[in-house]
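**Q** Sequences and hints are given; from them, build the entire structure.
What follows is the residue order along each chain.
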Amino acid sequence: MQLGFLVDLHLCMGCKGCEIACKVENEVPLSTWRLRVKYVDVGTFPETKRTFTPLRCNHCENAPCERICPVSALHYLDNGIVNIDKERCIGCAGCVMACPYGAIYIDPQTQTADKCTYCAHRIASSMMPSCVVACPVQANIFGDLDDPTSSISKYIQSNQGNVQVRKPEKGTNPHHYYVGGGNVTLNPLASFRPEGYDLFGKMTSKMPVGGH
Amino acid sequence: MAAHEILAATNAVVTLDVGIPGIVWPWLVTVNMWAKSIGTGVIFMLFLLLRQYPEKAGSLRFPVTVVSIIFIHIFLLFTLADLHQPFRMWHIFFHPHWSSAITVGAWMATLFVGLLFLLAFLSFIKKDNAAFDKTLPWVVALAIPVTLYTAALMSQCTARELWQMPTESAQMVLAALLSGSAFMILVFGGKLGWEANRTLSTVLALSAFMSFVLYMAEYVFGPMKAEEVAAILEYVKGDGPFTVQFWLGQWMAYILPMLLIAFSRVSKSESILKLAAILALVGLYIVKNVWLMIPQLLPMS
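If you read the sequences in order, they're chains R and B. The numbers in the numbering used here rise by one with no breaks, and the one at position 85 of the first sequence is 85. To convert, count from 1 in the second sequence and add 1000; that's the numbering used here.
Please keep in mind that the hints were generated in silico from the structure rather than gathered at the bench. Incorrect hints may have been included.
[Stated by the list, open to error] Restraint-style ranges between C-beta atoms, simulated for each label pair:
(1) R:Asp85 x B:Arg1051: 46 to 52 Å
(2) R:Ser151 x B:Trp1138: 58 to 64 Å
(3) R:Asn162 x B:Tyr1219: 36 to 42 Å
(4) R:Asn62 x B:Lys1191: 36 to 42 Å
(5) R:Asn79 x B:Ile1255: 53 to 59 Å
(6) B:Ile1070 x R:Phe192: 57 to 63 Å
(7) B:Val1220 x R:Asn62: 27 to 33 Å
(8) R:Val24 x B:Ile1278: 55 to 61 Å
(9) B:Lys1134 x R:Pro29: 32 to 38 Å
[Stated by the list, open to error] Below, a list of computed lysine-lysine pairs in the BS3-like style, where the Cα atoms sit at most 27 Å apart:
(10) B:Lys1134 x R:Lys170
(11) B:Lys1056 x B:Lys1134
(12) R:Lys170 x B:Lys1237
(13) R:Lys167 x R:Lys23
(14) R:Lys167 x B:Lys1134
(15) R:Lys167 x B:Lys1056
[What the hints assert, rightly or not] Which stretches of chain B does chain R cover? Using the computed rule of at least three CB atoms under 8 Å from a CB of chain R, they are:
(16) 1041-1054
(17) 1076-1087
(18) 1099-1112
(19) 1225-1239
Here a beta-carbon is modelled for each residue, glycine too, at the ideal position from N, C-alpha and C.
**A** Okay, structure coming up:
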């Protein structure tokens, strides 16, 4: 079994229901996110449009975070999920630095690394991840990539040529796919980030994370 | 299509995203690298001096070992201070994950500390110089990977493309040679005499030159190999937030010490050598700090 995620960006309308569902399900503290939806505005007025990109851990097959973790707090589950054992984590932040997707953060309450686990605890009880359940337009497709009859496999088959991963050149082999993505949505260097412009501008301080 | 062309064509602006982690490895990690360079560098220099000037350097066996112990402990202390869960440090020894440079480094540093204490025992308690000199090559051999492991750790940070092997490993060794020779000139230069000081200053000047060449090569050619490197180096170019600190570091750590050493050769002035050593040690901290910070400013998502 190899679990994977696919987000159809044609369908996502940026409601952030997945974000909130994730926060509630996993008790994610304030100022941190396991899953977040990035808004990128494209074009010049009046020819503008807004794109929405849900971002979460990519559960890479060749995960840099797993490799750099000195105590195996980050580890693979048999179903392909890159899971985290917060009791074992020493908070070195090596994984935060190693993740090319910026998907890992230091939990300010536990002072340990944390990230999306594809709701591993729900999957263990044969339930879908909370973000999948919350999405009103079924933009999140979740399932077994090894099973050609699973909904995610069928979605990938029916959208061949339009399925992308973030930063494929890094060799991480992500198990998180996007349909309808482009450079603007998937490449962080392809958009401007004016300081203080975004809604949470004051939270993007350069202060060290956590207890320092 | 390159990212900057996309930018020009689309005028894409991130209008909503949550806080980027920002600086995750703060100045504590800079101190970690700086102190480790001195702690291993003085051992390299002791080995060199005992080979070339055994009479002059004989009395330095114990003092240099103590200096190395102190700086390696500063390195370990700041490593511990940087952990968000420092009381779980023991997990590295009881749940080691050997693909991690942090694990390998922690084990090697521990062994290195053990060998340093053995050297201290041999030189201070047992007063057995022959045994000390037989043990020292093994300590030097271990000091090489100890000083290198941070480079391995940085190269494991995928997408922080500025930190690459083998450039970083070369920089780490050169930093150890530079700081080791500078520290020896500064603290023990008076006991060593002009000839030994000249040898140390040669090591200092050559390591400064090689480091400077590597940084300039990265500065000029780095942007040609990856768009992440180009974006990161923008932080030290033009009005970038680290431009002043970057050039201050390059001048203090490399350019001025090279010039001062050349000047001291002509004037045979130990005071000028000491000034070069102070600049090199302070400048190295600044250089290391800039190189640690700038890749962390780049948005990853």
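**Q** Run every hint past the structure and note whether it holds.
**A** To see whether the hints hold, each was checked on the structure:
| no. | hint | in the structure |
| --- | --- | --- |
| 1 | R:Asp85 x B:Arg1051: 46 to 52 Å | holds (49 Å) |
| 2 | R:Ser151 x B:Trp1138: 58 to 64 Å | holds (60 Å) |
| 3 | R:Asn162 x B:Tyr1219: 36 to 42 Å | holds (39 Å) |
| 4 | R:Asn62 x B:Lys1191: 36 to 42 Å | violated (53 Å) |
| 5 | R:Asn79 x B:Ile1255: 53 to 59 Å | holds (56 Å) |
| 6 | B:Ile1070 x R:Phe192: 57 to 63 Å | violated (48 Å) |
| 7 | B:Val1220 x R:Asn62: 27 to 33 Å | holds (32 Å) |
| 8 | R:Val24 x B:Ile1278: 55 to 61 Å | holds (56 Å) |
| 9 | B:Lys1134 x R:Pro29: 32 to 38 Å | violated (55 Å) |
| 10 | B:Lys1134 x R:Lys170 | violated (46 Å) |
| 11 | B:Lys1056 x B:Lys1134 | holds (19 Å) |
| 12 | R:Lys170 x B:Lys1237 | holds (26 Å) |
| 13 | R:Lys167 x R:Lys23 | holds (26 Å) |
| 14 | R:Lys167 x B:Lys1134 | violated (51 Å) |
| 15 | R:Lys167 x B:Lys1056 | violated (57 Å) |
| 16 | 1041-1054 | violated (count 0) |
| 17 | 1076-1087 | holds (count 5) |
| 18 | 1099-1112 | holds (count 6) |
| 19 | 1225-1239 | holds (count 3) |
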